[in-house]
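In order, the protein sequence lines correspond to chains R and B.
Our numbering puts the last residue of the first sequence at 796; the count rises by one with no breaks.
Our numbering puts the last residue of the second sequence at 796; the count rises by one with no breaks.
If you are wondering where the hints come from, they were derived from the structure by calculation, not from laboratory data.
Here a beta-carbon is modelled for each residue, glycine too, at the ideal position from N, C-alpha and C.
Careful: at least some of the hints might be erroneous.
[Claimed, not checked] Derived lysine to any residue pairs resembling SDA-like cross-links, with alpha carbons at most 25 Å apart: (1) R:621 to R:543; (2) B:593 to R:583; (3) R:593 to B:584; (4) R:593 to B:593; (5) B:593 to R:543; (6) R:734 to B:572; (7) R:537 to B:508; (8) B:708 to B:755.
[Claimed, not checked] Okay, the calculated bits of chain R under chain B, using three or more residues with CB under 8 Å as the criterion: (9) 506-512; (10) 546-556.
[As the list claims (entries may be wrong)] One side of the interface only, derived from the structure: several residues of chain R facing chain B at Cβ under 10 Å: (11) 563; (12) 564; (13) 571; (14) 584; (15) 647; (16) 766.
2 protein chains.
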Amino acid sequence: MTFKVTILGSSAAMPTVNKYHSAQILNVSEQFYLIDCGEGTQNRLMKLGINPLKINSIFISHLHGDHFYGLFPLVSTMSLMGRRTKLKIFAPRPFDEILESHKRYFDIGTGFDIEFCEVRTRENNLIFENKVMEVYSLPLRHNIPCAGFLFKEKTPAINIRKDIVDRFQLGIAQIVSLKRGEDIVADCGEHITSASVTYIPYQPRSYAYCADTQYSAKLAGLIQNVDLLFHESTFADIDKSLAKRTGHSTTKQAAKLAVNAGAKRLILGHFSARYSDTSLLVDEAREVFQDSFEAKEGSVFEILRN
Amino acid sequence: MTFKVTILGSSAAMPTVNKYHSAQILNVSEQFYLIDCGEGTQNRLMKLGINPLKINSIFISHLHGDHFYGLFPLVSTMSLMGRRTKLKIFAPRPFDEILESHKRYFDIGTGFDIEFCEVRTRENNLIFENKVMEVYSLPLRHNIPCAGFLFKEKTPAINIRKDIVDRFQLGIAQIVSLKRGEDIVADCGEHITSASVTYIPYQPRSYAYCADTQYSAKLAGLIQNVDLLFHESTFADIDKSLAKRTGHSTTKQAAKLAVNAGAKRLILGHFSARYSDTSLLVDEAREVFQDSFEAKEGSVFEILRN
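Work the whole structure out from these sequences, hints included.
Written as structure tokens, this is what we have:
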């Protein structure tokens with residue numbers, strides 16, 4: 491049961507030779523979720539051997555071109571590859587207008603429906619749900635409406651210790667009661683409490699994607715104990731006034747957010763092209779939060795079950 | 491005095507891992523002209539060490555996304571890089587509406603003006619001219635309005651043989667007359683004809699870009715004796731009915747056009763992704779026109795002065 495993020499593009503608005511516009515792919519139990527879709531996303535997917543047709547849904551944080559210039563080319567390729575299943579695209583308004591405008595001017599019909607799902611960027615809402623996962627919108631503070639996304643595995647069904655079932659020869663009805671949290675009396679007369687014989691088989695895993703945004707103290711409260719946090723860090727600590735002015739964060743602000751959220755690991759990215767040695771940016775963040783890592787094209791961050 | 495074409499992208503509508511959407515850059519005396527601008531063009535430019543700011547003008551053949559999905563990302567990067575000079579974009583209508591729609595929805599202002607220059611796709615017009623070059627539109631036959639472009643060096647100023655100037659001690663007025671095509675009498679009484687002592691220093695070079703199009707017999711007449719011809723060949727000869735239905739050409743049709751135009755060299759490209767071994771497509775064309783070559787990402791076709 492996989493839960494991993496692959497970085498497709500990590501650059502800020504100005505890409506470089508080896509850094510592409512923002513895009514990530516989240517694999518949850520072999521269902522693929524695309525998060526932002528900068529120019530060249532489809533090529534990055536192909537280079538990593540990820541079939542674009544496997545994409546379940548797409549989540550766009552905001553409507554700056556560097557976060558979705560690759561979307562319509564990808565949709566075009568999906569269509570040429572024969573996609574027939576509906577594609578849900580979660581994005582802030584006016585993405586619906588952009589989509590209509592694109593359909594009007596670009597003479598490429600799709601063989602599948604696209605459903606626009608509005609993301610309200612000031613609200614912390616459940617916006618997507620399936621059997622294994624929920625996705626919540628996270629209000630961010632950028633210079634246009636912008637949302638982050640919290641991807642959370644659902645809490646798995648409670649399990650009961652097999653040795654207990656065997657020892658007390660428990661029947662289906664007794665097992666169901668215990669799993670419901672009810673205490674029971676076994677056939678032999680033994681009193682069995684649910685708490686003593688049931689357990690959650692694994693801790694649900696979570697990933698928060700937060701780009702683009704100024705430092706937001708409130709955000710930490712919405713992603714408490716997240717396993718993996720991507721937080722943009724466009725600027726070095728010394729450029730914090732520039733960060734504030736442009737609606738972005740610094741390395742140390744991203745790290746501070748990770749500390750306050752109780753995150754286990756932090757991915758830093760969306761670095762401005764002005765910094766040639768990005769390892770220095772990671773070093774800065776590590777002064778505040780040790781488990782900080784750089785988003786590099788092709789790098790994979792997996793969260794294992796525990 | 492350079493005159494060379496570099497292939498940035500050669501694929502048809504569906505790109506592959508190593509084949510990108512249509513884009514080429516023409517370097518004429520270190521002025522750069524971008525021809526079509528598929529997704530990822532700016533990255534291809536950077537990888538080849540071509541500064542996007544060097545682009546003088548952009549020529550878009552038609553408004554299928556695979557020929558201009560990379561345009562707005564490139565314009566955004568030009569702006570971030572500090573471009574201030576006006577950018578002329580030659581394209582068919584309704585590119586003007588698409589440009590306005592983009593400005594309305596994408597929150598990225600440019601620090602320079604964009605001038606839309608309409609290309610009338612049914613006409614063979616002079617659409618661009620500077621000191622060294624002229625560009626003509628070429629009517630093509632696609633399933634939406636589509637134009638090719640003929641890039642022609644201007645005929646250079648006539649020269650006069652230096653040995654004649656020295657031998658007859660010709661003065662400025664006499665040289666000017668000879669260059670004008672007038673015959674003169676030298677101070678020593680010798681009659682000198684213009685034709686016998688003047689020459690064109692080099693043959694003006696030309697490049698024709700023809701994508702996307704069905705075979706068009708008329709096209710050959712508009713590009714007679716072209717030095718270098720790019721002609722799309724989306725399909726193999728066996729798929730010619732499919733080519734016709736989709737508004738495209740086959741390898742042999744492209745080669746036939748090269749023969750009829752009296753072209754010196756032919757570049758084939760825009761191959762459908764269905765053909766895994768593209769060398770077979772080039773072989774097919776060579777049965778009709780020997781000097782056929784494949785457009786490959788990064789390949790350069792230079793026309794030397796003669």
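A quick look at each hint next to the structure:
Simply put, residue 621 of chain R and residue 543 of chain R have alpha-carbon atoms about 20 Å apart, close enough for the 25 Å limit, and the pair holds. Taking the CA atoms of residue 593 of chain B and residue 583 of chain R, the gap is about 16 Å. The hint holds against a cut of 25 Å. Of the supplied pair hints, the one linking residue 593 of chain R and residue 584 of chain B holds, its CA atoms being roughly 13 Å apart against a limit of 25 Å. Between residue 593 of chain R and residue 593 of chain B the CA atoms are separated by roughly 17 Å; this keeps the pair inside 25 Å, and the hint holds.
A threshold of 25 Å between alpha carbons decides the hint, and for residue 593 of chain B with residue 543 of chain R the separation of about 31 Å lies outside it, so the pair is violated. The suggested pairing of residue 734 of chain R with residue 572 of chain B holds, with an alpha-carbon distance near 22 Å, which does not exceed 25 Å. For the hint linking residue 537 of chain R to residue 508 of chain B, the alpha-carbon distance of about 9 Å falls within 25 Å, and the restraint holds. In summary, the hint linking residue 708 of chain B to residue 755 of chain B is supported, as the alpha carbons are separated by about 19 Å, within the 25 Å threshold.
Counting residues of the region 506-512 of chain R whose beta-carbon sits less than 8 Å from any beta-carbon of chain B gives 4, enough to reach three: the coverage restraint holds. Look at the region 546-556 of chain R against chain B: 4 of its residues bring a Cβ nearer than 8 Å to a Cβ of that chain, three or more, so the hint holds. Interface restraint check for residue 563 of chain R: the shortest CB-CB distance to chain B comes to about 4 Å, inside 10 Å, so the restraint holds. The interface hint given for residue 564 of chain R is met, as the beta carbon of that residue sits about 9 Å from the closest beta carbon of chain B, less than 10 Å.
Checking residue 571 of chain R against chain B by beta carbon gives a least distance of about 7 Å; that is within 10 Å, so the hint holds. This hint holds: residue 584 of chain R has a C-beta 7 Å from the nearest C-beta of chain B, less than the 10 Å allowed. Against a cut-off of 10 Å between C-beta atoms, the interface hint on residue 647 of chain R is violated, since the closest Cβ of chain B lies about 41 Å away. Hint status for residue 766 of chain R: violated, given a least beta-carbon distance of 15 Å to chain B, over 10 Å.
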